[in-house]
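With chain A's structure known, arrange chain B on it following the hints.
If you're matching them up, the sequences are chains A and B in order.
Once you know that position 109 of the first sequence is 109 in this note's numbering, the rest is easy, because the numbers rise by one and skip nothing.
Position in the second sequence counted from 1, then plus 210, gives you this note's numbering.
Since the hints were derived computationally from the structure, they do not count as laboratory data.
The structure displayed is predicted, hence computed values, not measured ones.
Where is the CB? At the ideal position from N, CA and C, for every residue including glycine.
Take the hints with a grain of salt, since some may be wrong.
[Claimed, not checked] Calculated pairs, DSS-like style, for lysine-lysine (alpha carbon to alpha carbon, straight line, at most 25 Å):
no.	chain 1	residue 1	chain 2	residue 2
1	B	K387	B	K523
2	B	K234	A	K143
3	B	K646	B	K974
4	B	K214	A	K143
5	B	K686	B	K214
6	B	K866	B	K657
[Claimed, not checked] If the Cβ cut is set under 10 Å, some of the chain B residues that face chain A in the computed set are:
no.	residue
7	F239
8	R240
9	M415
10	Y918
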Amino acid sequence: MSQTELAGAQPKEFTRRTFIKGVIATGATVSSAGYLFRGTSLLGAATYQTATERLITLSINGQDRRVDVLPHETLAMTLRYKLGLTGTKLGCDRAECGACTVLVDGVNQYACSMLTHQVRGRAVTTIEGLENPDTGELSVVQKAVMDEGGFQCAFCAPGFIMSMTSMLDTNPNPTREEAAVALSGNLCRCADYEKILNCAMRAAELHRSV
Amino acid sequence: MAEKLIGTDIAPPDLHAKITGRAKYAEDFRAPGMVFAKLLLSPMPHARVRDIDASRALAMPGVIDILTADEVPSREGPREAALTNHPRYEGEPILAVAAVDEETAAAAIEAIRVDFEPLPFAIDPLESLRPGSPNAYVEGNQYGQEGWSEYKWTAADFAAIDRGEFPDPECPVEWSKGDVEAAFAESELILEETIVHQSLTHHPMEPRTNMAYWENDRLYAFVSTQSTQATKFALAGALEMDPEDITFVSEYCGGGFGSKISGTTIMQVPALFSRKIGRPVMLRITRYEENYIGRARPGFQSWLRMGFLGNGKCNAIDLIIVQESGPYGASDFNTAGMIADLTYTPGNMRFRGVPVYTNTPPKAAQRGPGGAQIISMMEPILEKAARELGIDRYEIHMLNAPGPDVAFGPRGTTLTSVHAREALELGAEMFDWEAKSALSGQRNGTKVTGIGIGLSPYTAGSRDRDGMMVIRPDGKLYVHQGIGNLGTHSIADTARPAAELLGLSWDDVVIVWGDTSKGLPRSTVQAGSQTTHAHTRANHAAGMDALRKVREVAAATLGGSAAAYRVDNGRVSGPGGSMTFGQVAQRAIAMGGEYDGHVLPEDIHEQTVPAAQMLVGQGLLGIARDNYGGEGSIYSWVAGFAVVELDVETGAVELKEYLGVTDCGTVLHPRSLGAQVLGGSIQGMGMAMTQRWVFDPKWGVPFANRLYTARPPGMLDVPANLRWGSVGIADPQTPVGAKGIGEPPVGAGAAALTCAVADAMGGKCLCRTPLTPDIILAELEGRPLPFGRLDQHVG
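Chain B on its own, in the form it takes in the complex:
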């Protein structure tokens, strides 16, 4: 028997390159004659460029040319262009300069005179809903099929808000289920809160650097992106060119967390600039620039009313979210409404949402988009209900978590599997909830212990992608992966099912990825925790196709029926004898037809066809679309358990212990799963505790524009021993049973901390993130905060 691959720890095949410095990320590529581009960034949050005078810059020795907004694609409406004459946030790129070196390009940027006409701007989304307040766009603050319009709440709405009441505004997005008012009438306890969730930049370690050059009419693009195959098509779409005229390289990506899903807008600049000047162009993005153009999680300002029956069951939710959408939009708020319904199963819910364009850096999905925010905001309110009703906090999470019969959101969405309660149960056991919860409120000198639980779901899969692999005459299986390589190890791990089906040892499997000239099948974007689910399925399907062909080739060669042949250790054996996979590959090439890819399945995606055609005649081709189907959405869960110590003299919070337990189906790669659960949780802790993104309301610009001013968690911000677990129950609707894991831990880590801090404060919810020491201390000392309770971007 070949080794078992699923559920074992195997270091990914690219690790050796990563730890010896051989792995090439986008900034590591060089091309003969390569020049450097620098960006001129808007110095104000909203403006119009009246005039650009680049004559002095262009006369400088070493300066080659400039690229302006007129030379990049742009579209009507709130849609981002790579360069613009109408900047809508501080830091938006206006133009680029190319020069023989980066310093010369930077000096040239300084020598360019841009005449900006400053325009009114909107930084705080709620404030921009006030009658008479400025909009983010000259044309308005809402964009629909009819074009631009202005949308404001009424003076009466704001009178209620300013009185601290729950408002009742008209909202562009609204849905409800059950009878919310009747349910509240039955509630034993109703909690009403205003909650602010901050906006924060993604800040992956690798900024969105890109390099590109052209040879004849072919574009060679070296891009920092989460996805590979999908990004090639996105780049081709943006540049309006034939995707097959691009050689797209992204073998390594230094993190994205949602900010580089199908590439980046700025990736157009080196490609277009290089075409213009006929030389390779490197656009190295600095950390300072990344702060502006690097995408951010949308902040929320919200009103929440939650009703509970006497036993602790949530029976009604009324939720209003005002979302800071940046200049180009985001949809986190919709997801947040769905996840509130899923996590607390109220039966009766009304959701109202207002996405508001703002002149703040562009928003994008950030790991657990919408879900992480709402879980971080609502879990402390659930725990507050437990306190007020005299119920154990673990019990209230258990009582409200969904079971297999869940139907959530306005359309009654169902799930393929849900084991949230099992995750809580296993977590409580591993954490020793009973003993730990007894430490709640314990005082040791100036420090008070707080305990918290955060339960966080998120979508974790998709269907219908293609798998493609070749058994070559060297006897090895080459699995072609169009997904990206941003550190989740999924390029390797999702190939395991095919290798197991074919009875191969891992040494006989070669992963082909990151370079579209090698032929990469249609794949999901590497985002939304999709790849583990989508591509174990696609590779399982292609592996089944390869297995069928191996048996048929063996039967055709050796005699007997194909069904009687078995594969093991790189051989196929049956009634007629035995062949190596190398021999099978050679026979498949001789037989042609579907065996070596001359004939392709009819149902594969049109984007897979040219990639498959690159592999024709090279061996036995396993290729298939994922036709396994399924009903319902795919969600994974993480339950986080935290112990903190809050220093009541300094307001500092120290995390003493953390455990994350997941329900994400079958475990493919335990060590990597643990890294996802804990790493995602720690990112959530940064979101909830440290990464404060402060803006100057007068000038509309961020003060915190580097890592040290909006600091992500470092090694010493977490205990030296973190723990994780998995319930490991297979999802019945997918052949491998595995679901994704990237998104859910963020909300779990954030909420475990927001709950633990509230616990350390005797149950007082601050209803705001991040919970920096100054905010905590002001509350402990009874001092008023220097900002309004609904203000966004404050410091």
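Isolated chain A, as found in the complex:
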């Protein structure tokens, strides 16, 4: 099975190209500034820039969240610095490590490389949104990680868990090799890949028995 087949046909894929197009469309320049945090609404202080924030509504973990967003603001920055969702980690700032992976309409995406304006009207799920909101019960992937004692430093864990969640949606019955391909967009510097694959296979097992 090829890599694209495993990833599934995604209705809207965000590539670096569409990311850049989005930046251009919103009138900002393509610069490293997109990877930095701008937080006027929190601090209420003047800044050097004239770009203005717009109040928009996002669907995050099943809730409508109203938030002021700059044209060039990345989803990772909005989540971490405006919505208090720090479970989404920044490991590299630009699509090299996958620590910031979230689900957008169920598909795993790098939140560092999407503009927040791109996810208006779409369902965003972060690591904080995987537990059952009423009971606190862990998702099957989280349960599998608990069962297998997964991860070392775990800075990459939220990203891997989101990718595993997405994988089960498209391929609930993966082989170990297919799981490795599905998770290959996430980097673990502790290189705990053997145990991470154990978690993925256990997650698939739990998912099938639900």
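Same frame as chain A, now just chain B:
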């Protein structure tokens, strides 16, 4: 009987927080009024700042202030300051700007005009030893008690080097044992090689981000660091303040691998900046910045002569290492010399080492410092000797590996235990060496199979630390851990011996860690594979102290002799009846004295005392220094076995199979041990194969400054099934029998691959890392490489 804890798989207690996003790493903390700092990095490898004009930046809306080198501590000599007006590598922080948000701070950095005077620089350590070549410092390239001096090899030395001969230079570090020349005269085979080991950045997943604020005169520091208690003291030392005026928080660390041992130099910046401007300061370090300030493993350029008797026994080693030390030094080369002697037991050895300051990013211990490099470099030479002498390669590893009588290095260092041969034996059996080695050289289309073994030792323990724990009236045991939480699970696993001694189930054990306001005892730095050994001992000692006190409290309450009382399942029972641990804790508080910590043992470390005083009167205090003693160094081993396929048309190497087998004493936590053995091995594979850190020799700056340009191994770089094993023989000199494991697998993984690649090339050693496809392909096609055989940082 309570459950057995040692040797079982128990998920660490912090896992739930880690997988639900609740775990707070340094960048996840927020404080009211928090502002952001950004760093201005030096654009050149060596320079002097003549002038800084920040007026435009300071006039920008939202910019609060700058922090300059004059406002941070600095010391004479090759010692790093958090900010400097005399940068000695590209990327060294010059100043910091604080602003209401990160973008404004970054824009302010762009608006600052710095007038740099460029200075000559040294990037390649060997080149900087050439007469007349530039030094990394204006003052010289060596620093000792007399201050700075210039150290160069002679023109004659370089004439020999340029002719491809084994040089004979004067070196600042030199030791020898036995009679090296006489031994070489007896050698049946002498192999002479020049070997280059590259330098590479650590790149933990979490960059060295920090946040800090002050309330009154108290510093609250949220730091990404491997250690906790030790880092608090390091930060206090750097800022010259009373450690007890710091609340230090580091509950989670996203990896360090030696780059954040007792914190980081840059952790001073938020603390000092916050004090200056009176607001909390977050310094978020990006991956690009991490490449520069994030520490790196020192590279080596070396000459190796190895002599062998006809039976394959190495009988002499002559080793010269030129180490790239960066601007602030490193000592890997010393360790490399020791480990060469330990691993090959030549009996006769001469070691010469030259650490050279360079204008490359600062060096620091990187998992298996010195050991991983030398093992990766020398194992293929050992296997080459086997080929030339017609000996099985597994047999030559077995023949040369040390036994219990080993005495290595210039002072004849002994070991507490050594089961390297057992690790090789178990590995050969699990791997099926006989069948696998028959696949060597087998061709399948364009692919050739190669098999390799790497045997790698490293220090794995230390002694004399303190353990501290409280049984509270809720009946639970609170184990206070001053070690760090960087993913090794040792905060939990090293508490197991105490819980077992006290007959408690794991549900009744609470681990207290990561926040010094909770009271954390004097601990080792979380580095050098020390914690498993050092803190199973310390917690065993404190657990014994708690057990004695539980029995005495029970005897004092219920009657009879203390020795007649037994503990089990959270109760203590004896001739006078039975009490719960909760009742014992309450009685201990009533009895006071040593029982609830009003009186502390006299031999605990002075740093433990204030921490213990926080716990006085809260329950039954178990507290003790590790006085178990012991003789000799503590070392663990990993034997790695690899199968690769080398594509002779592309130069690509694919790892098909890997097995790591360890000797690290008693196994505390099997699943976590397996993760250490395999994860460390894969890090070694990245070091040996993919993470090429290329520098521009003309401008002295790294080209490869992100993850994708010096790529660590990903999921698809290793097979979907990796295997590990452990000989599981207890170390006799430590009560739990467990030794550390973090360091040794790196050399094993790297060397198994450097050997397997050489095997796939018919025994040809390339004597250089990383073994990227272009280098392999040039060799296969007989093309000359576009760089010299001893050049460092090449691409």
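A quick look at each hint next to the structure:
At most 25 Å may separate the alpha-carbon atoms for a hinted pair to count; K387 (chain B) and K523 (chain B) meet this at roughly 17 Å. For the proposed pair K234 (chain B) and K143 (chain A), the alpha carbon gap of about 20 Å is at most 25 Å, so the pair holds. The suggested pairing of K646 (chain B) with K974 (chain B) holds, with an alpha-carbon distance near 19 Å, which does not exceed 25 Å. With a C-alpha separation of about 24 Å, the suggested pairing of K214 (chain B) with K143 (chain A) holds against the 25 Å cut-off.
Taking the CA atoms of K686 (chain B) and K214 (chain B), the gap is about 17 Å. The hint holds against a cut of 25 Å. With a CA separation close to 12 Å, the supplied pair K866 (chain B) and K657 (chain B) stays within the 25 Å bound. Taken as an interface hint, F239 (chain B) checks out: its beta carbon lies about 9 Å from the nearest beta carbon of chain A, inside 10 Å. Look at R240 (chain B): its Cβ gets to within about 8 Å of chain A, closer than 10 Å, so that hint holds up.
Of the supplied interface hints, the one on M415 (chain B) holds, with its beta-carbon coming within about 4 Å of a beta-carbon of chain A, less than 10 Å. The interface hint given for Y918 (chain B) is met, as the beta carbon of that residue sits about 5 Å from the closest beta carbon of chain A, less than 10 Å.
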